[in-house]
Amino acid sequence: MPDMLRLASHDGALLGAQPTPADAALAVRGMTVSYGQKPALFSVDATFPSGVMSAIIGPNGAGKSTFLKAALGLIPMVSGEVRFFGLPLAQARSRIAYVPQRASVDWDFPTTVIDVVLMGRYRRLGLLRRVGRADLALAQEALARVGMEGFAHRQIGQLSGGQQQRVFLARALAQQGDLYLLDEPFAGVDAATEAAIIEVLKALKAAGKTVIAVHHDLSTVADYFDHVFLVNVRAMAQGPVASAFTTAALSQTYGGRLGAGQLDQLHPAKG
Amino acid sequence: MGASFVQFSLTPMLIGVLAAIACALPGNFLILRRQALIGDAISHVVLPGIVVAFLVTGTVATMPMLMGAGAAALVAVVLIEAIRRLGRIEPGAAMGVVFTALFAGGVLLLEQSDTSRVHLDVDHALMGNLETLIWLRASGWDSVIDPVALSHLPPELPRIAGVAALMAVLTVIFWRPLKLASFDEGFARAMGLPVSAIGLGLVIAAAVAAVAAFDAVGSIIVIAMFICPPATARLMTDRLTTQVWLSVAIAALAAILGYVLAGYGPIWLGFDSAVSAAGMIATVAGLMLGMACLWGGARGRVGVAPGA
Amino acid sequence: MVGFLDAITLQAGYNAALVTVGATLLGFAAGMAGTFLFLRKRALVSDAMAHATLPGIALAFLVMVAFGGDGRNLAGLLLGAAASALVGLALVDWIVRRTRLAEDAAIGAVLSVFFGFGVVLLTVIQSLERGRQAGLEDVLLGATAGMLMQDALLIAVGGAVVVALIVLLRRPMTLVAFDPGHAAALGVPVGRVDMAMMGLVMAITVIGLSLVGLILIIALLIIPPVTARFWTDRVAPMLLIAGAVGGAAGYMGAALSASIPDLPTGPMIVLIAAGLFTVSLLFAPRRGVLAAILARRRFQARVHWRQGLLSLARAEPIHDPLTLRILRAAGAIRPDGVATDKGRALAAKSLRDERRWEIARAIHQDTALTGRYDGLTPIEDVFTPDQIADLDTRIGPPQPVGGM
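Protein sequence lines correspond, in order, to chains R, L and G.
Its first residue numbered 38, the first sequence is counted upward by one per residue in my numbering.
Its first residue numbered 264, the second sequence is counted upward by one per residue in my numbering.
Its first residue numbered 277, the third sequence is counted upward by one per residue in my numbering.
It cannot be assumed that every hint is accurate.
Cross-link-like lysine-lysine pairs, in silico, DSS-like; alpha carbons within 30 angstroms at most [claimed, not checked]:
1. R/K75 <-> G/K618
2. R/K75 <-> G/K625
3. R/K75 <-> G/K317
In short, the hints are calculated from the structure, not lab data.
Keep in mind it's a predicted model, so treat the numbers as computed, not measured.
Model the full assembly from the supplied sequences, consistent with the hints where possible.
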């Protein structure tokens, strides 16, 4: 075996991406995922620098959420390699905080807001350790950061969509990770919630944390994020917003789904 | 409430209560995970399990029977899971295929084998023999501290007590993983919890409870207790901890009330013989659920709140 | 002992022939009605309904005895069974509508409680009918051995009526099962069709009681549709296949049980259906397990093949063992990992296709075409040779790929 080096970076070469820096918060090589016989993602290479806010962008069905889930090991890959901070997933779990799609859970579940937030502490609490004063304080603080401090003992089914999303974010904050992975955090939430969430995420970045979010509102990309990854089954473009979020890259990613007028309104960096 | 109560009613009642609790505990999580009918499937495959155990060992001893039932439950669970995944069939239909096919196999074997020698019949599997689990050696309340009398307790009692205790311990130990994996599977997986193993473990625990309880009280109570007390409790509270405690209390109450009504109800009505205690316990559990459906404090569905 | 050949050609006596015909019709009807249930994801409602018949049977027995009858009149018992199955079904619906409980919990609650109450009533019957078998096991497991002629006739006629009703109602029921919203838009009374469907299922449950018993009738409603699902993706063929599976199981099971002693009818029918299911699960051409495993492996090989060729083309090192194995097996690389001439040619082609896609995506804004840029679809499948030639003129002449 002459070349047992790193797995080849196929599309990366095509798109001119840099080789993986070991300190990237998330680096994916050759990720292929399929539902049945059709690839949902094909040979995707992607690198997300640490300490910044990155968006995963693409049309519906492009595999944005699939990318996040496969990276987290929630769905199997046909091929590919994933590194968090240069480590395999198993060794990096304690540094990862995750916000799943709001619609993925049963909000009729018999539990309260504070209980859900405390779930973020389960990894540290283990099976039997009692919820300590510190954990409780942390959970309360996480709720306060998302503006939900008055809702601790509310049944989760009584929350609005935006409130549910805030609770999920609070749970991720309680995980105290270095990397925050968010799956469509702004889907179906009110403007106030969106503003509150983005404020929290920006504070995380200011504290040196990394944020990666699946995002679908092209008009806010430039305001919210530093780095973008455009995907539509294949990796289409990636890099700093200023250089990668271009009209050309968007029309490549979205094909005919964005009209020229729409593209103009987005004010992306000139390509 | 004297010697005859201790002799004839105390042990069946205790066994009924413990069996109900052993089933209700895992039942809480089965209901939340939309797997309520796994208990139904398990209790139907108990029959082929004991028939095969009899054919293999040639005895009607309890241990081989229990092992056979347990093995059948495991086989059923594995088959259901395999059909669901490999055949991409919805869980309800996969369950229906497996338990009816295994049950048919059990009936066929039963008819083919010479069962006239054994007390192995469908009635027993369905209804158990709660009324016969009496404590003849007891002479009154003193007997509960009399080692000689205690050594003659019906063996079902320590067995079901052990299983009920096991269920309680498992519920406490795995409370957090069970709760998290049931509420938010994706988050649980991302956190590194072995979600599939937790799900399988829950079903196996349910199978252990079902087999132990079926031995003492028959499979009707098993299905009813997996579902009715937790469902009743769910309609009364929005807190999981409260729900589990309530379900235990409701299960115990249904067992006691059902046993008493089965034993004394007909006499109060002027008949001279008792009716099936197992059936009556299931009926009482159903009536309690009916009341909760009508008046339970948390009966309404909230569902996913609309986006604000 | 009656020969199997006699039984299978309906020559084994009038009763046996009637039972065989009835079982065939019942299996056919159950397969079709079960298909509608399965498509509406309510397969286990039949479980609740079947168990819920028990108290009705017991009550009917008590009522008939109270009025001085024999108590074992089949028609009377089945009427009682139908009535309590209906109450059970209504309760399942009520619980799901009125409370937060999901359908599985409602089904489980109804089936266990009704069954439990039925057992209570049966013990009442046993205490009344001292020394006389009320026939609990017959109801639970079905029995055709000592069946009276009129009972066999009831099964045969009942089966025929149900089949006729299904044939009559198949169009609206297919529409509703396939897409209730669309059916409503077409003016189909969805609620009433649903009710008719449940009514048919109930009729089958009740008729099946005397033949296969209340637990195994569930199998006849569930197994044939699940079996049929492996063979087709469309509703109409699925109905027919499910009916055929159920009918074949009923026919074979009844004939076998008539010809071999101690072979109970119900379990035989169910086991034959289960056998057909197992064969389908494993060997069905597209949805079967074997086919799925092969397709999965082929797919994985294609993915690794494409990735490997692209890596070769870009002269990147490959370390994935599966990729290396596939490239080696196809003669694209030598055993020591160096690309062969053939491998270089294929690699150049795949790289060129990537370039073609890139250009095509830039000029064609049609997602229907460019949306198939998934790494595996050959560009020749999407664009015409003329279009590809046009793309090539924009790329420039082919460039050779260097060795590794």
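Original post:
Holds or violated: are the alpha carbons of R/K75 and G/K618 at most 30 angstroms from each other?
Top reply: Satisfied, since the Cα-Cα distance of roughly 28 angstroms is no more than 30 angstroms.
Original post:
Within a Cα-Cα threshold of 30 angstroms, do R/K75 and G/K317 meet the stated pairing?
Top reply: holds, 26 angstroms
**OP:** For the pair supplied as a hint, R/K75 and G/K625, confirm whether the alpha-carbon distance does not exceed 30 angstroms.
**Re:** holds, 22 angstroms
The structure agrees with every numbered hint stated previously.
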